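Participant: Next come the chains, spelled out residue by residue.
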Amino acid sequence: MTAISAAPPRTRAAGYWIAFAMVVGLLLVAPLVLPPFWQRFATEILIWGLLAMSSDILIGYTGMVSFGHSAFFGLGMYGAAAALLTVKPPSLSLALIYGLVAAGGAAVFVAYFATRLREIYFAISTLVFSQIFYVIIFTWTEVTGGENGLTFGQPRLSILGLWSDRFTPTTFHWFVLAVVVVSYLVVRRITQSPFGMVLQSIRENEPRTRAIGYPVERYKIVAVMLSGLFAGLAGVLYALQNKFAAPDFVFFVVSGEVVIFNVMGGMGTLVGPFAGAAFFLLLRESLSRLPYLAEYYLIPVGIIFIIMIIFLPQGLLGFLRRRLNA
Amino acid sequence: MDQILVQTLHGLVNGMVLAMVASGLTLIFGIMDIVNFAHGDLLMLGAFVGASVVGVTGNYWLALLVAAVVIAILGALLQITTLRPLIGRDPLTTILATFGVSLVIQKYALWQWGPSVRRINEPVPGDFTLFHLQYPWYRIATAVLAGLIITGLWLFLKYGKYGIWIRATTQDRVMAQAMGIPVPLVYTGVFAIGSAMAAASGVLFGPFAGVTQTMGFDFTLRAFIVVVVGGMGNLAGSILASIFVSLLESYAAIVVSPAQAVIVSFVVLVLTMLFRPTGLFVPTPK
Amino acid sequence: MLILESVDAHYGKSHVLHGVSIEVRAGEVVGLLGRNGVGKTTTLKAIMGMARRTGGRITFEGRDLQGVPPHGLARLGIAWVPEERRIFRLLTVLENLRTGLDRPGITPAHRDALLEKVYAYFPILKERRHQAGGTLSGGEQQMLAIARAMMLEPKIILLDEPTEGLMPRMVAQIQEIVHALHRDGVAILLVEQNVPLTLDAAGRVYIMEKGAVRHHASAVELRADPRVIHEYLGV
Numbered sequence: 308m309t310a311i312s313a314a315p316p317r318t319r320a321a322g323y324w325i326a327f328a329m330v331v332g333l334l335l336v337a338p339l340v341l342p343p344f345w346q347r348f349a350t351e352i353l354i355w356g357l358l359a360m361s362s363d364i365l366i367g368y369t370g371m372v373s374f375g376h377s378a379f380f381g382l383g384m385y386g387a388a389a390a391l392l393t394v395k396p397p398s399l400s401l402a403l404i405y406g407l408v409a410a411g412g413a414a415v416f417v418a419y420f421a422t423r424l425r426e427i428y429f430a431i432s433t434l435v436f437s438q439i440f441y442v443i444i445f446t447w448t449e450v451t452g453g454e455n456g457l458t459f460g461q462p463r464l465s466i467l468g469l470w471s472d473r474f475t476p477t478t479f480h481w482f483v484l485a486v487v488v489v490s491y492l493v494v495r496r497i498t499q500s501p502f503g504m505v506l507q508s509i510r511e512n513e514p515r516t517r518a519i520g521y522p523v524e525r526y527k528i529v530a531v532m533l534s535g536l537f538a539g540l541a542g543v544l545y546a547l548q549n550k551f552a553a554p555d556f557v558f559f560v561v562s563g564e565v566v567i568f569n570v571m572g573g574m575g576t577l578v579g580p581f582a583g584a585a586f587f588l589l590l591r592e593s594l595s596r597l598p599y600l601a602e603y604y605l606i607p608v609g610i611i612f613i614i615m616i617i618f619l620p621q622g623l624l625g626f627l628r629r630r631l632n633a
Numbered sequence: 016m017d018q019i020l021v022q023t024l025h026g027l028v029n030g031m032v033l034a035m036v037a038s039g040l041t042l043i044f045g046i047m048d049i050v051n052f053a054h055g056d057l058l059m060l061g062a063f064v065g066a067s068v069v070g071v072t073g074n075y076w077l078a079l080l081v082a083a084v085v086i087a088i089l090g091a092l093l094q095i096t097t098l099r100p101l102i103g104r105d106p107l108t109t110i111l112a113t114f115g116v117s118l119v120i121q122k123y124a125l126w127q128w129g130p131s132v133r134r135i136n137e138p139v140p141g142d143f144t145l146f147h148l149q150y151p152w153y154r155i156a157t158a159v160l161a162g163l164i165i166t167g168l169w170l171f172l173k174y175g176k177y178g179i180w181i182r183a184t185t186q187d188r189v190m191a192q193a194m195g196i197p198v199p200l201v202y203t204g205v206f207a208i209g210s211a212m213a214a215a216s217g218v219l220f221g222p223f224a225g226v227t228q229t230m231g232f233d234f235t236l237r238a239f240i241v242v243v244v245g246g247m248g249n250l251a252g253s254i255l256a257s258i259f260v261s262l263l264e265s266y267a268a269i270v271v272s273p274a275q276a277v278i279v280s281f282v283v284l285v286l287t288m289l290f291r292p293t294g295l296f297v298p299t300p301k
Numbered sequence: 003m004l005i006l007e008s009v010d011a012h013y014g015k016s017h018v019l020h021g022v023s024i025e026v027r028a029g030e031v032v033g034l035l036g037r038n039g040v041g042k043t044t045t046l047k048a049i050m051g052m053a054r055r056t057g058g059r060i061t062f063e064g065r066d067l068q069g070v071p072p073h074g075l076a077r078l079g080i081a082w083v084p085e086e087r088r089i090f091r092l093l094t095v096l097e098n099l100r101t102g103l104d105r106p107g108i109t110p111a112h113r114d115a116l117l118e119k120v121y122a123y124f125p126i127l128k129e130r131r132h133q134a135g136g137t138l139s140g141g142e143q144q145m146l147a148i149a150r151a152m153m154l155e156p157k158i159i160l161l162d163e164p165t166e167g168l169m170p171r172m173v174a175q176i177q178e179i180v181h182a183l184h185r186d187g188v189a190i191l192l193v194e195q196n197v198p199l200t201l202d203a204a205g206r207v208y209i210m211e212k213g214a215v216r217h218h219a220s221a222v223e224l225r226a227d228p229r230v231i232h233e234y235l236g237v
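As given, the protein sequences belong to chains A, B and C, one line each in that order. The numbers in the working numbering rise by one with no breaks, and the one at position 315 of the first sequence is 622. The numbers in the working numbering rise by one with no breaks, and the one at position 81 of the second sequence is 96. The numbers in the working numbering rise by one with no breaks, and the one at position 235 of the third sequence is 237.
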């Protein structure tokens, strides 16, 4: 047993919550002190982190690598677009509902088929499913706007009809932060529940989990659906921030980045994917400012990614894994 | 009717090129359990190398050879540096690593050759007439050449000394080592062969639609599909599946746009994985 | 020639070999007896570098085998005939043989001579040379496994339960082959449960129990005094 687990659980949990409160506190203050560019940057990290965390439910906790998270994310965007374009006046809650329904619908579809497959077959099938959605969205120009996508206005921030105001970058950041914190706590609760334990047991040894009598397929279906819903939520937030939905975000590149975030940050930690997203986006930001490098920043990032897989398979926060799941 | 015949021809020709791409992928998977995400990008890189050689020398056949050799060496280096350290780890890590390789290759190509489409001139000139429609000889020549290369690979695997090493290693790595077969070297060699096949396919495909830095992903995806449909690691199955899927897509393109026709192959893949996960053409697993 | 000095080995976390010391001299047939699961197969695997060795030393002709890659053992002259035979099932009989025959530096004439020699021992393999290894019967697969090992022209063969599950006629044939190999000067480390065969073929015998060598005697002694065998093996 290591020193970490030797500490009494109570103090470990206290340490965790203190750290958690400090991080949330910093993120709350961030928009008030950061210049506009970095303010927006912080919001984006939260959104991409949420998407990556949704994928961590599968990659880190169930042992299934999804190469198709762009589909859920993208459908969340298009769902929000549908609500904001068809319903007047644009409503925030409807955008959320439509986006979640669209992503959830895609997740049901993918979950039903793909969860019967294991390992690489699952990875390939999620990739193929996301491409199906991509091709449909890309070619169905009348409805989706095809290559150009859809643009729309931002809804007002309203809370239960009691209070309503236009979004400012700062309030939007707080809104995203609230959604992300709640999502994180919910997902954390789920992964620590008996249900989450079964998922982790599937990751460790699927045949044994099945032999003990758990309906593994059903657990996987629920895991994919949960993952898809949170990915869709991230999509809605991204659509709200940028006021558009585009097929690029349904394309494989986004799914690939999600996997990168997880590997870089540390799979199976929920917090790791946020760190991975931050690390990747900061790397991109700083590298693409270098002369000669610009849009080729993915060359060094890709090399760093490969090196991390070989030498740091647990990712940046992997060493905190025990503590984060305490 | 005419259209169906032309589409059949089209499907067969595309199927042969795809079969060449897929045979390299399936060979690598069969022996190392590696799903090579960078396979299509090696193809793309090979096509660019080929296009450059054609640009300088004007000799298409030399370009084919140079591209295959250059990419084979690159493949061997990739295997040694990124995949060899991952032997014995979860097979999923190899997908992740090759995905990283794919990113790097793609952006390298963008940096080196830019975003525009490069053309490779057709090495065999002329068309022939098929029911009032012109069909280029080059496509026929490509299909034949792809067939010859695949046959060559098959003969090598069947009768060659190293072919037997490869098959023995595929079936039982530990026993192959006990028989004195240098398995790490065989792995590197197979990765090099697979890469060379991809590069050659890229040069063959070049004159069809030109060479772009983004073409790799499309080929990776298609190759994945036919390799799974044909049964992972099963060479003959992959070849049959390539032709089958390409024909289906060709026929589908009569009704819908080619961009939508790819959905047909996605559906075939999903059905195969659900109902015949060992492959469409294999009655029982090995 | 082959010397194991207090070898320890682990499978996962369980300690399966405790200080096993065994020696096989050039051209000698040595038996390794013991009940199921006492570590006989693991001892062979430790020699082949397939079991995690955690202590002790294994040398072959004075050379420490630590650090020799798995495929290097065949070059040194160590051949392995595993218990499960591990025929390359989709390769033909001839191709199975070729895995050991296609070595660097072997002349075509020498190859043919080796093949003919093995075919003379096992006529059935010649008859079936173009048949897939997986289609052979159990006894034929065992012959193929031995023949395949012979292709390496080894100095020693590690023979793991060659008669397991075979019909008596086949057992007799395997026994003959062990004798023939011995006459050719090939050393054999023979793991067996078949006591009469081992006492007939081997010069010396080690008896294992619970991952350790408990007794070591010449076959002549053991034949004269069956009580030891009875004590450890219950037969």
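Hints in this document: simulated from the structure, not taken from any laboratory. Just so we're clear, the structure is a prediction, and the values are computed from it rather than from any experiment. A couple of the hints might just be wrong.
[Unchecked claim] Restricting the straight-line Cα-Cα distance to at most 25 Å, the calculated cross-link-like pairs of lysine-lysine (PhoX-like) are:
no. : chain 1 : residue 1 : chain 2 : residue 2
1   : A       : K395      : A       : K550
2   : C       : K212      : B       : K176
3   : B       : K173      : C       : K128
4   : B       : K176      : C       : K128
5   : C       : K15       : B       : K176
[Stated by the list, open to error] Have a look at the derived ranges for each label pair, beta carbon to beta carbon:
no. : chain 1 : residue 1 : chain 2 : residue 2 : range
6   : C       : Y13       : B       : V132      : 36 to 46 Å
7   : A       : T393      : B       : T96       : 50 to 60 Å
8   : B       : Q18       : A       : G520      : 34 to 44 Å
9   : C       : E86       : A       : I325      : 18 to 28 Å
10  : C       : E166      : A       : T318      : 52 to 62 Å
11  : B       : G73       : C       : E86       : 31 to 41 Å
[What the hints assert, rightly or not] Short derived list, chain B residues pointing at chain A, Cβ under 7 Å:
no. : residue
12  : P100
13  : L111
14  : G115
15  : V119
16  : Q127
17  : G129
18  : P130
19  : S131
20  : L262
21  : Y266
22  : V270
23  : I278
24  : V279
25  : V283
26  : L286
27  : F290
Cβ atoms here follow ideal geometry from the backbone N, Cα and C, with glycine treated the same way.
Participant: Among the hints numbered above, which are violated by the structure, and what are their numbers in rising order?
Facilitator: Hints 2, 5, 6, 8, 9, 11, 16, 17, 18, 19, 20, 21, 22, 24, 25, 26 and 27 contradicted; others consistent.
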